Structure formats: structure tokens, C-alpha cells
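Which chain is which? The protein sequence lines are G and S, in order.
Position 140, counted from 1, in the first sequence is what full-length UniProt numbering calls 140; the numbers after and before it change by one each time, with no gaps.
Position 41, counted from 1, in the second sequence is what full-length UniProt numbering calls 41; the numbers after and before it change by one each time, with no gaps.
Read the hints as simulated data drawn from the structure, not as lab findings.
All values reported here derive from a predicted model rather than from experimental measurement.
C-beta: ideal position from N, C-alpha, C; glycine also.
Incorrect hints may have been included.
Unchecked claim - Just some of the chain G residues that point at chain S, by a computed CB distance under 10 Å:
1) Ala63
2) Asp65
3) Ala74
4) Leu188
5) Ala190
6) Leu194
7) Ala215
8) Asn253
9) His286
10) Ala294
11) Ser300
12) Leu310
13) Ile338
14) Ser353
15) Ala369
Said to hold, decoys possible - To be clear about the criterion: a stretch of chain G counts as covered by chain S if any three or more of its residues have a C-beta under 8 Å from a C-beta of chain S, and this derived list gives those stretches:
16) 36-43
17) 218-224
18) 266-280
19) 339-352
20) 355-366
21) 384-393
Letter by letter, the chains look like this.
Protein chains: 2
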Amino acid sequence: MTDDPRQPDADPVESATPVPQPEPEDDEDDEFLPRPELLDRIHAAIEAEDAETLEQLLEPMHAADIADVIERLAPAERQTFLRLYSIEMDGEILSEIDEAIRDEVIEALPREVVAEAVREMDSDDVVDLVEDMDDEDRAEILSALDAEDRAAVEQSLTWPEYSAGRLMQSEVVTAPEHWTVGETIDFLRAEEWLPEQFYHIILVDPRRHPLGYVALGRLLSSPRTTKLADLTEDSFRTISADSDEGDVAYAFNQYHLISAPVVDDDDRLVGVITIDDAMSVLDEEHEEDILRLAGVGEESAITDTVMETLWQRLPWLAVNLATAIIASLVIALFEDTIGAVVALAVLMPIVASMGGNAGTQTLTVAVRALATKSLSGKNVWRVVRREAIVGLMNGLAFAVVMGLVAWIWFGGVSLGAVIAIAMVVNLAIAALAGILIPLGLEKVGADPALASGTFVTTVTDVVGFFAFLGLASAVLL
Amino acid sequence: MTDDPRQPDADPVESATPVPQPEPEDDEDDEFLPRPELLDRIHAAIEAEDAETLEQLLEPMHAADIADVIERLAPAERQTFLRLYSIEMDGEILSEIDEAIRDEVIEALPREVVAEAVREMDSDDVVDLVEDMDDEDRAEILSALDAEDRAAVEQSLTWPEYSAGRLMQSEVVTAPEHWTVGETIDFLRAEEWLPEQFYHIILVDPRRHPLGYVALGRLLSSPRTTKLADLTEDSFRTISADSDEGDVAYAFNQYHLISAPVVDDDDRLVGVITIDDAMSVLDEEHEEDILRLAGVGEESAITDTVMETLWQRLPWLAVNLATAIIASLVIALFEDTIGAVVALAVLMPIVASMGGNAGTQTLTVAVRALATKSLSGKNVWRVVRREAIVGLMNGLAFAVVMGLVAWIWFGGVSLGAVIAIAMVVNLAIAALAGILIPLGLEKVGADPALASGTFVTTVTDVVGFFAFLGLASAVLL
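Sequences and hints are given; from them, build the entire structure.
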């Protein structure tokens, strides 16, 4: 516990006097959000085209919150907003705005405003801004930068999309290994330009290979004469510029990194990635997984228009229609059976639905386990076995329940037996499909989150209908 | 671009010579993972009960990776591992181990090993370790700590579970506002004990109210005579100890915070939260959302046993069975119709399945939008309208397709018309249910991710079957 010695009684532990409290309440959800009243007043100011009030309202707000406000506006409202507020739009706000509407925003702003905004940005934010633009727009934006910054951005753009090279910022604080704490501090004080945020001094050799890094806390608490080489952190690891940004986020989370040097193929320092950027990537990757699992284009945003939304949803529904028709073809095989025993038509969706749900459960766990790299090697077969057993046990449990329900409902023992057996078969198959299909897709380099769902439900529908109706026609007719 | 002036040519921008490259490859997924060979050798060493080799193999590994290895072992193997490796188990490894198996691990370790490990941990890690233990075990663990650390942990435990108070560490570096850079550096050099990691000096008044903070980078690059008060960051914001950890993670991600002071009800400093902890929370919350959406207990882990897994899955399947039976009751209303036109039994699952998928798409987008706080106020009604229109348009598109398919398949125009109309109705309802149900659950304080899925698919099944079969019996009989 470090503390101001002149305030011996000011220990945070002693000083606090909280009483045990109930679970955090939901209304705290908005603790970090602009209050609704404020939002209403902003809407009012826009409608009234009252630029002055608008500026007063937004002045105290964080750039990220202003960006959210802009994202929440209806397209028409947004245009008005940008006209009223254009001169206030700075680099911070611009880099916070969701990609989905960023182009629209940039279009609406005067060229000089954009140019000024871009000049304020860190190189990584500029890269993020221009990477999806066509060459012409990109050139126009970059022309606003001075030669060195432009070089940094263009350098970063030579790395593949979604790579560490695109994520990093080129502004790095380095020092040679032989420096002392004193020399380093004097150097930092002399340096008129430093990155907005930096957390480590990266030690490099004359050929610019990173050798380690020193946390600023260690630097500050060590005597001037200490050598930097004696203060380096164990956590040090470099990230290669072409590694996938998802893996970078994984590494930051796994190893509690705060910043990490990025190196090129010759293992030379080209930039640094800080944890806040890694955190956004982690956030986006999760978002994409959730949307993919639900069969929604991962690009979808709350700001999307009707047509954008339609085009994200339609293809997935088309795929689902195809698979649903396949399932129907199975049912069609047994039309006569159903004609004879209509109860089958009543009960068959239950078998299919239970299979679909059980499959989705297993599938989701498997997809997440693959994403978190915890499903590989020896582990795989233990998990597959576990899922199969659980599927079987669930099948048996619900076989008993559904068997009795069907028996009582339709007064036929054999009908009860048929649905019971079909239930066991389908839930066992569902479990296997739920784990093996994502594993298979991963093996062939496809994204399990993307395609697994459709495959699994197709399997469970087909197997469910076939097992139930097939058995029925064998037993009941 | 800050750089060692003695290496003018060592600019990271100029120095790098990467060539444009293809998308990052998937095999890089394992870039940050222990190689499979290594894992095999570890398994071999455990089987051979060769403690020495085991230590050699694990010695170079990061605690987080060792924890992963332990999590991936089969239960029996894990026991052997812990026996062989027990003395090496330190606080770092212990705090990295997944909650699902942590108790098992602690049980298996000699008391003195656990005690030693706990002494090494930061207060927030100890809290995380003991918060789910019964009082007896907790007392035993805490007895290993010296009075002050124990006080810090017990203090933190007085805050609600999943609150900032549980997440924070009590070790804080503070300074009075009137200090200069020089005084602060001298103080830090004199202080023999400092937190492992700290990124800001928090300025407090004599009553320990936080007034602002100074980034260590600013401190290092400023002359000794500068007042701390002149170096404070704009990003400064405090977090109240009882706010929900999910909101804390949101705030860190939204405002790019690196560390944030935590205050009690009297706005006095009680601790600090660092971004790496916030990042883990963000990761867990996403994980829980994905699992909840799939109807899997959010506690489920890859290490779970068969029985644990069974008990997580069974309740959700039971709920699904109930809803599936409700859907069947709707079908049962139309047994005669189906008896007369068996084609209806063949086609009806298609209507239900399309509705279920469309509903899930909307639902997922809505749940995520709520989680990211981007769905509220004026925004809501625009999104509801958008979803309704998209649902209607999808309905019309697939009505045409399915109408033709049914017509051609079964040669009945009116049958085609019936399924077409049912499709429009169900997809429109699906869209509305997909957005309104999560909004409703959020309103009443329930977790939309948890319950929405079941409600939505129930709605789409019931509406789908009712619309299709109801229309059929009106039109076709």
C-alpha cells in the first residue's frame, strides 16, 4: 500500500466506510451514458437548427459519447447535425464513429475540417479511417498529413487487413539498453514531442531489434544511476506485424499485456500496440461471433438502413429455406404414414425442435472453446465423449417424458415408444453433430461460428423426422 | 515520433521493410499457444510421473499458459500433475486458473503452498480466489495474509458481487495536488513497496477525495519543478465501488481508460481498477451472453464433467420441450385438416423454421444493441420500424418463393397462396417479437440474452402453425 506519508490516516482501506449492499442495480446501466433528458435537448437543438445550444450541450461530453449521439440520429437528422456542428468535429470524435456511418459523416464534412481532424489523430486511427476508402479519397485524406505521418500510415497500410501491422501505432518511445534511468528521464524531458499515451520504454539494439521493455513505474521508482537493462519486465513479448488482430487481442488478454512492441519479418521494431486497441478488437470479434452464430452479417450495425439490413438477413434465410425444404422432403417420404396416423404430424415437430436445441447448445460451447483455443489436442476427444454421453442421457430423460406424454395424449403405447426412441436417437446425433461439425469446419479453415448452425439444425431436422416417421411407419402400420 | 537521437536512421517507420501480404493465416491461431509437441511431452511426463522433466517443460511457460495446460488435463491426470508440480504452484498460476476447477486445485495442494501463493497475489486476485468459498475455507486462506492485506481483501468483500469494489485493487499510488514532479519522483524512489503495475499517480485532497490523475509518461517528461496539478489528464473519471463490473468494462472500452480510481459513497478513494481486469470482465460478459443466447448455463466450461454439463443443459431443454408441446397443441387443433390434406404436414415445418430464424436474427441484433447501450430513447422506435419493414419484405420475398415451390410440388394454387400468406404473417410477427420481447425483458429488469430466445421461437412456432393451418382449413376444406 503506497501512500502519501503525510496522510498516515488516509489509507484507502481504513478510509472507506461502505456497508454491504444488494446486487448492483440495473438503473446503473446508464451510469456512463448521457442522460435521456440531455439526448432530448440535443434532438430539440438539432430540430431548431440551434448550433449554439448544440455546442453548449455537447461541450462537456466525451468524444466517444458524442460519436454515439451521432450514430443514434436518424440519417436526415444526422445531416443537419453535421451541418450545425461541423467545425467542432475533431479527430477524436471522428475516430470514435462507427465504420457503418463514417463515410457518410466524412462526406458531409467540409474538406478542411476533415483534414484538420486527421492531423490530430494517432497513426493507427488514421489507418483505421482510410483503410476501407478508395485510393482517391484516401490520397485526399493523407495529403493533409505531413510527410512523416503520411509515411507511417502508408507503411502500416502495407500490412494485411486485420493484422497487427494495421492495429499498431508507429509512434514508439525507444532507448538503447546501456542507458541509465537518469539519461532516459533527461532524454524524455528534452524530447518536445511524445506519444499521447505510452506505458513502457522499449529497449532496442542499434539495428532496432527490441530487447525488452521497462515499465514507467519501475523507471520512476529507481535511482538515476540504475541501468535500464536491470529494470526490464518478464512480461515482455513481441508481436509480429502480420499476425491476426484476433490473436493479438487474445495475447493481451491471456498475458495481461499493457503494450507490446510490433516487429517486422526481420524482427525489427515497427510500432507498438496498446491494450485499449486490443480491447476494442476483442469486443468486435465477440460481436462478430454472436452475430455469425445467429446468421446475421457480422457487419450489421444499429445504424443500418432497411435495405442494408435486408441484404444481411436475406441470404441466411435463403439458406435456411433450402435446409427446411430438405427436411420437408424427408417428411414427404412418409405422407401415407401421416395420412394414416395424423398424431405423427402433431408430435414430429417436438422431436426435431428438441434435437435442434440440444445441437445448438453443444455447438455454441464448441465454437466458443475453439475461439478461446481451449479445444485441441488430447482435449478434443474427452469433450466429444462428454457431449455424446450428455446427449444420450438427455435423450433418455426426455424420451421417458415424451413417451409418457404421447401415450397419455394419444392413448397409444407403441406411439409413445416410437417417439421415445426417436428422441434418444436425435439428441445423441444432435450432440455429436454439435461438436463434430464445428471441429470439421475449423479443420478445413472455415469459420465454425459462421456455418455450423445451419448444418447442425439440418442434421437434427432430417434425423429427427426420419427416425420418428420411419420408426412409426415400421411399427404403427 | 520519439526516438533515440543517436540513432537517427533507426526510425521504426523507415526501418521496416515489409511487403504487402495475404490475409493472416489460420495456422497463426496457435502463435501464442504452447506447441502441440510440447503438450504431448507434458502429458508423457505426467504419465511417467517424472516431476523433474515436467518442471523443465513448464519452466519457460507463462503462468496463464500453465493454467491452460492444467485446465486441459483430464481430472485424474490433473491430480497427478498437482502432486508432481505442487511446490511450483505460485500465486500467478493460481489466479489464472479457471473458477470451474480452482476449488479442485486448491483442495489438491498442500496448505503451505496455497498460503505462500496467496501471499504473492494482488488483493483483487485474492478476492477473486476466495469470494465463492465458504467462510471456513476463506478464513483459512486469509489467515496466510498479514493484517493489512487481509484488511484490504475483507474490505473489498464488503462490496456486492460483480461490483467495481470486488474488481479493484486496494494498492494505490496517491499524491497531494501541491506536489511537484521532483517531490513525487523522490517519494516514489524512497518508497520501498509499490504495486506491481501502476499507470497513474492519483491526486487526492487531505480527505482522500480523488482530484485527478497524472499519467506516468507526463510525469517523466516534465521538469522537476512542474506542479502535478498542471499535468492532470482530461480522461480522468472515478468509478463508484458499487457500480456493476459490466458497466466498468463498458466505461474502460468506451473512454479508453487505462486505470480508474474507485470511490465509496462519500466519494473517497478506496482502490483502483486497471484495464487488464476490465478486459477480462468484458471477455467474460460476452462469453455469458453467447452461452445464454444458446440456452446454456453461462457457467459452463470446457473442463466441466458429464454431470455438470448435463445439469446445465437439461433445464433449458425442458423449457424447450414445454414450448414445443404448446406448438404441437396448435397443430392438434387442425388434425382433421391435416388428415384431409397431408401436404400441410410436409410444409408446415418450413413456415415455423423460417419464422424461428428470422426472429433469432432480429433478437440477436436487439440483444447486442441493448448490451452495448445503443438501443434506447428515440432510437428504439426507428429500429423497431426498421425490423418490422425488413421482416415484412423478407416475408414477401420468401412468400413468392415458397408459394411457387408449394404450387409446383403439390400442384395446388390455393395451397401455394396459403403458405405464401402464412410466410408473410410469420416473418412479420417474428421481426416484431425479435425486437419487442428483448426490449420488454430489459424493461422489467430481466436479462434479454437469457430468456428472449425461447419466447421468440415459441411465438414464431405458434403463429407459424396457426396461420398456415388455420388459413388452410378455411381455404382448402
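Consistency of the hints with the structure:
About 9 Å separates the beta-carbon of Ala63 of chain G from the nearest beta-carbon of chain S, less than 10 Å, and the hint is met. Among the interface hints, the one on Asp65 of chain G holds; its C-beta lies about 8 Å from the nearest C-beta in chain S, closer than the 10 Å criterion. Taken as an interface hint, Ala74 of chain G checks out: its beta carbon lies about 6 Å from the nearest beta carbon of chain S, inside 10 Å. At a threshold of 10 Å, the smallest CB-CB gap from Leu188 of chain G to chain S is about 4 Å, leaving the interface hint in force.
Taken as an interface hint, Ala190 of chain G checks out: its beta carbon lies about 9 Å from the nearest beta carbon of chain S, inside 10 Å. The interface hint given for Leu194 of chain G is met, as the beta carbon of that residue sits about 5 Å from the closest beta carbon of chain S, less than 10 Å. Because the beta carbon of Ala215 of chain G sits about 7 Å from the nearest beta carbon in chain S, less than 10 Å, this interface hint is met. For Asn253 of chain G, the shortest C-beta to C-beta distance to chain S is roughly 6 Å, which falls under 10 Å, so the interface hint holds.
Because the smallest distance between the Cβ of His286 of chain G and any Cβ of chain S comes to about 4 Å, under 10 Å, the interface hint for this residue holds. Given hint, Ala294 of chain G at the interface with chain S, holds; its Cβ is 4 Å from that chain's nearest Cβ, closer than 10 Å. Given the 10 Å rule on beta carbons, the hint for Ser300 of chain G holds: about 6 Å separates it from the nearest Cβ of chain S. For the restraint placing Leu310 of chain G at the interface with chain S, the shortest Cβ-Cβ distance is roughly 5 Å, inside the 10 Å limit, so the hint holds.
The beta carbon of Ile338 of chain G is positioned within 10 Å of a beta carbon in chain S (closest approach about 5 Å), and the interface hint is therefore held. Hint on Ser353 of chain G holds. Least Cβ distance to chain S is approximately 4 Å, under the 10 Å limit. Taking 10 Å as the C-beta cut-off, the interface hint given for Ala369 of chain G holds, the closest approach to chain S being about 5 Å. Note: the segment 36-43 of chain G has 4 residues with beta-carbon separation from chain S under 8 Å; the three-residue rule is met and the coverage holds.
Counting residues of the segment 218-224 of chain G whose C-beta sits closer than 8 Å to any C-beta of chain S gives 5, which meets the bar of three, so the coverage hint holds. Look at the segment 266-280 of chain G against chain S: 10 of its residues bring a Cβ nearer than 8 Å to a Cβ of that chain, three or more, so the hint holds. By the rule of at least three residues with a Cβ nearer than 8 Å to a Cβ of chain S, the coverage given for the segment 339-352 of chain G holds, with 11 such residues. With 7 residues having a Cβ less than 8 Å from any Cβ of chain S, the segment 355-366 of chain G passes the three-residue criterion, so the hint holds.
With 5 residues carrying a beta carbon less than 8 Å from a beta carbon of chain S, the segment 384-393 of chain G meets the three-residue requirement, and the given coverage holds.
Hint compliance for this structure: every hint is met.
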